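If you're matching them up, the sequences are chains A and B in order.
Going by numbering that gives the first Met the number 0, the first residue of the first sequence is number 0, and it counts up by one from there.
Going by numbering that gives the first Met the number 0, the first residue of the second sequence is number 0, and it counts up by one from there.
Just so you know, these hints were derived from the structure itself, not from any lab.
Everything numeric in this text was worked out from a predicted model, so none of it was measured.
Careful: at least some of the hints might be erroneous.
Stated by the list, open to error - Distance condition first, Cα-Cα at most 30 Å in a straight line; then the derived BS3-like pairs of lysine-lysine:
#1 A:Lys151 / B:Lys50
#2 B:Lys50 / A:Lys104
#3 B:Lys35 / B:Lys67
#4 A:Lys156 / A:Lys104
#5 B:Lys50 / A:Lys105
#6 A:Lys156 / B:Lys67
#7 A:Lys234 / B:Lys441
#8 A:Lys182 / B:Lys35
#9 B:Lys380 / A:Lys105
#10 B:Lys237 / B:Lys193
#11 B:Lys201 / A:Lys182
#12 B:Lys397 / B:Lys67
#13 B:Lys237 / B:Lys50
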Amino acid sequence: MTDTKATDDTGMTTGGAPPAPPDAVTVTIDGREVQARQGELVIAAAERHGVYIPRFCYHPRMEPVGMCRMCLVDIDTGRGPAIQPSCMIECTDGMVVATESPTAKKAQEGVLEFLLVNHPLDCPVCDKGGECPLQDQTMSYGPGESRFIEEKRHFEKPIPVSDVVLLDRERCILCDRCTRFAKDVAGDPLIHFLDRGNETQVNTFPGHPFASYFSGNTVQICPVGALTATPYRFKARPWDLEEAESTCTSCAVGCRMVVQTSRNTVLRYQGVDVDPVNWGWLCDKGRFDFEAVNSEERLASPLLRDEGLLLEPASWSAALGRAASALQLGLDRGGAEGVAVLGGARLTNEDAYAWVKLAKGIIGTDNVDCQMGDGLPAEAVLGLPRATIDDACRPGGVVLLVGPDPKEELPVLYLRLRHAVLNDDVALVELASVETATSYLAAHSLRYRPGEVFGLVEALLEGKSPTEVAGIRADQIEDVAQLLADRPLTVVLGRGNLADSAVAVAAAGKAITLARPEARFLSGLRRANVHGALEMGMAPGLLPGRLLLTDGKGAADPGASAAEAREQLTGLWARLPEQRGLDATGILQAAADGRIETLFLLGADPLNDFPDRDLAERGLAGARTVIACDLFLTESVRQADVVLPAAGYAEVAGTTTNIEARVTTVAQAVTPPGTAQSDWVIAAELARRLGYDLGLEAPDHAWDELTKFAPAFGRIGTGLLAAAQADPDGVLVAIATSSAPPAPAEAPAEPAAVDDADEEPAAPKTDDEEPAAPKTDDEEPAAPKTDDEEPAAPKTDDESPVIDLPHRVPLPEFTVVEPQNTDAYSLRLVATRRLYDRGTLVRHSGSLVGLAEGAVAWLNPYEFEKLGITSGDEARLTSARGQVLVPVRPSEAVPRGLVLLHVNQSGGRANALIDIHSPVTEIRVERP
Amino acid sequence: MSDREIPRIVSSRWDLEDGFTLDRYEATGGYGALRKALEELTPAQVHEEVKAASLLGRGGAGFPAGIKWGFCPPGVFPRYLVVNGDESEPGTYKDRILMERDPHQLIEGMLLAAYAIGCGQAFLYVRGEMALAQERLASALNDAYAAGYAGRNILGSEFSLDIVLHWGAGAYIVGEETALIESLEGNRGMPRLKPPFFPAAKGLYLQPTVVNNVETLANLPWIVTNGGGAFADLGAEKSTGTRLFAVSGHVENPGVFEVEFGTTTFRDLLYGKQYGGGIRDGRRLKAFIPGGASAPWFYEEHLDLPLETGAVGAAGSMLGSGAIVVMDETTDAVRACWRVVRFFARESCGKCTPCREGTGWLEKILLRMLDGKGRPSDVDKLLDICDNISPEINWPPKQTTICPLGPSAVSPIASAVIRFRDEFAAYCGVDDGAVPITVPVKGKAYLAQPVSEAEPVGATS
């Protein structure tokens, strides 16, 4: 990161001015001597010291271009004052800057007059009016009245440049922000300047719409009302909006944003610039899926299946009563093991705790899984030493991508990685069976055969291989292994292929951490708060705060702290599950076998999200009672007997945890529709009807309770919620990193293991103060030199506070099953996600629903003749599990011998083909 | 004008029917300088000769070529030579003749320059509209390659140079060297900011790059053959050698003339029998533009100034690209002004605000005046708009713009308004009447296709 990326930190108070860095230069700005960093731009240095220089084209997260000329100031570097654009000039020692000299004022006034020459004065009907930099700066710096009496430039307006963004070229002041963003930040150079002189316009080329996953950012950074987004257009005036800072949960990257509402309706999300995560950017799915919050199709009242087998609206008391009696009946018949909870990644941390307590602490079942068989074993997520995004993007490192295409599943992580690769000498090594939208960034992109990733990773760790592995030549393996060995390693670990085995990926992660103990891992799981749910124990074998069910029971090597924690927990909870329960696959299998009496679907839609639709169908049909808590009547919820409407995003306050284990707040901005209730309230009500008190009277009581048995973890939440607005960066939950078996408990005195980083977010990192943690230096994922590389944030310390849990989740044995080719005529299936699919949020966001491409099977062009099929025709795809009819199209991105199918697209279900128990899925493609 | 015999340095083959062919070029001493340089001189010696010649750049800015070459940071390779053949300043047509009638001379000049600066890759950027020049250069290049004057191991030496001929797409701004580099890289032709993008340090592909004008390089064969000293003996102290001037407008005999640099006066050039031949139809001179449309205007009292960079600069204008446009007494100053401004307004690349909006606004005001809708306040408004583009309207100009195109549009207005203010006032009525409104709407949308039809995975980037 260069210094040009300084943040807008106008809010900085100089309570404790940071000490001048050694390479500081002294600059005189408007008569005041100030310290600037070497290479810092004049405009940024001035702003940091309280002098705002007007600007339009300058954006702290993009390369300056000096085009709008609004930031002209008098700069004297010893040769007399000269009018210069302050966004292009770096501070040098002894420089004298005058931002308000008569020449500078005249130039600024002149530029503003020029900008207004062709800018329509339609502010009263312009969406930007009230939050418009042109409007604001005209008031502050512009001429009093217009001298322009000729006709302004006219263009047809507005014109669509993409499905969600409209362009009014008359309002455009040609600042190059959107075009620069598209080209330099997003890597989608689809909007350009056309024509010249004052008829210059921004436009797309025919047949090439601005189909970028990040197009909404251009609307946010447009300094006038030229770019508007269809979901917000003409919806509100900025001064009528109320806003609350929150965290996006459309995926698990954890982008900070503000939720803007008016009259109890969510109207817009805007990205917030935080250094460690999103730098102000959002993806279009995250930005525009607020429409789903407002959807007419939200569940607003409980539903009960009546005798006619239809779901009919019911009162809460009736619905809860039916749910509780069914649950009680099930408990009586099948015991605690007969109850299972699927889902929970949608929940906040607080809601997740409530449900875990209900399931494990009151009902006593361990059949709880917040993942849908499309993620990784929980231990692999919680047990590998965690990296931050900044760690992955640190200059000179190498990132090994063993997981999904970040552009499709974790879009803003893609932006950060792209920037790191292109600007900061980070090398990317991608292991993916097909070419992805991220492949072009990779120094090496290895096309391994599906199902064989573990062998490939082993060979890469070995450094050499006598033969090809997983389809990769031996010399390639050596090259890549060398690169991985030479640089600090961060691994992004996730599921790149749902038709592939999760265990193989987890085993690969374990192999890496054993061979490279210093390597750090960034989770590649995408579901909203799946990481928080796992921290709260929403997986078999886990308890909240990264405790294991087996801790303190002698089965596994227990850390003393874990044993004590468990003891505390036993006092708080009514009971603990007797034995390790089932994961999602196990639950559905057991349900299919008739062993599940009561199945809770907690925002889960296994029919569409579970990779094996056949098993999901049999599971839902086999469970005696299905109780769903959800926002929408999804395909799976339609199978439920009791449907409880839940409050969703922007309707509940709490915290969420991202891929880095960074805990940040989510805000409540509106009230839920109808009588929908928060998930924790539903859990408490169910507990009450079972005769128990859940012990929570407000969602954040979860943290008070956690504090009692996992004090370090618990105080994250209490502190964070108290200081929510002060610390948008949140708190990181570090993972004990040594690759050896669990470290001996060195900090049994729980209160001493915590500092008050959570209450004073700007305080130094926990580790530095933790007396009884000798190995914490190694665990600290952030290198000390970050201070130099990162622009000064409003805090005095750029680092997020870090909390270390005193115990860690051990990695179990992962048994990898080598795939066997059974049929020489078959192709191996690669099932991946795209950003836009039939997922609940996209489907209920009117602006996004049309963007899902629909199911298409992509094959290497070579296969067509061989298989006797024609592009565009429907083909029959048959696996051992089932068959689907989908159109086939050729793509060079797919190697020979494979077929690529995107999951959860309309018109053909990839998950109808997958057998979750098989390490690979073999497909026959035939003419129907 | 001195009386001694002045050699025709760059225009010696213009009178030959087949001066553009390799045979004729060789027969008239062509490629002798290259042979001499490769066999007898080191690159440094060639560079020294050019420095000794004090050869000023002929593109417009008039910067000494030898010194420019020296700006390349030592030891940084590859470095590139780019020939600016995008001659498009109104009134300038000397490079076109050079490229059409003597293409080999330019190629030999490129070879010598490349040899001197140590570059192995040169680009010849020719204005898009110059079809004949492109054709002749392409054919000359083919012949030069075939004869071993270009390509690998030229004339059996260690020196190799690959020359790429590139055609422009018709934008005036690409004559600006950084915009030319952008265009050459395949981007939209827009100037880069200096600093940091000085071509000598960060030019083409961010490598050290020498950008020279066609005429500048065409002088090199003569300089190498006859020595830099012989060149410096010609002309004035700081304006050495000969120079091409393109005379156009209201003269009897418009054309491109090679004259001794620095000693010849404007009167010699405009009234001399062998040159301009006087104002047409015996009329009186009203004004003339001494160095291309960007230059402030000169009048009768400037006729006896020598064609010398320093003297012209001191008088408040420039020799620029060597284009002299003559206006006789029948010329309407306002209309002439509008014509020049319109050119700049249309050719503004649109990158920076003052130029994009300012030149367009100036044009609109002038057109309105010509349409009889001028207002008394317009004259001062014109000057104030000029001041916002080029603060203080001085010479040499300051600028709020990125490149000098904006101030170029200021020159004619500042000149004309100051000299012929009464003519402007005559266009400005007393009545602030309504301005006619026409609303031409432009630019249909390229209707976006549904994104769902976009490229498949892997191709979305």
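Hint by hint, here is what the structure shows:
| no. | hint | result |
| --- | --- | --- |
| 1 | A:Lys151 / B:Lys50 | violated (51 Å) |
| 2 | B:Lys50 / A:Lys104 | violated (43 Å) |
| 3 | B:Lys35 / B:Lys67 | holds (23 Å) |
| 4 | A:Lys156 / A:Lys104 | violated (34 Å) |
| 5 | B:Lys50 / A:Lys105 | violated (42 Å) |
| 6 | A:Lys156 / B:Lys67 | violated (48 Å) |
| 7 | A:Lys234 / B:Lys441 | holds (28 Å) |
| 8 | A:Lys182 / B:Lys35 | violated (49 Å) |
| 9 | B:Lys380 / A:Lys105 | holds (14 Å) |
| 10 | B:Lys237 / B:Lys193 | holds (26 Å) |
| 11 | B:Lys201 / A:Lys182 | holds (21 Å) |
| 12 | B:Lys397 / B:Lys67 | holds (22 Å) |
| 13 | B:Lys237 / B:Lys50 | holds (12 Å) |
In summary, the numbered hints that this structure violates are 1, 2, 4, 5, 6, 8.
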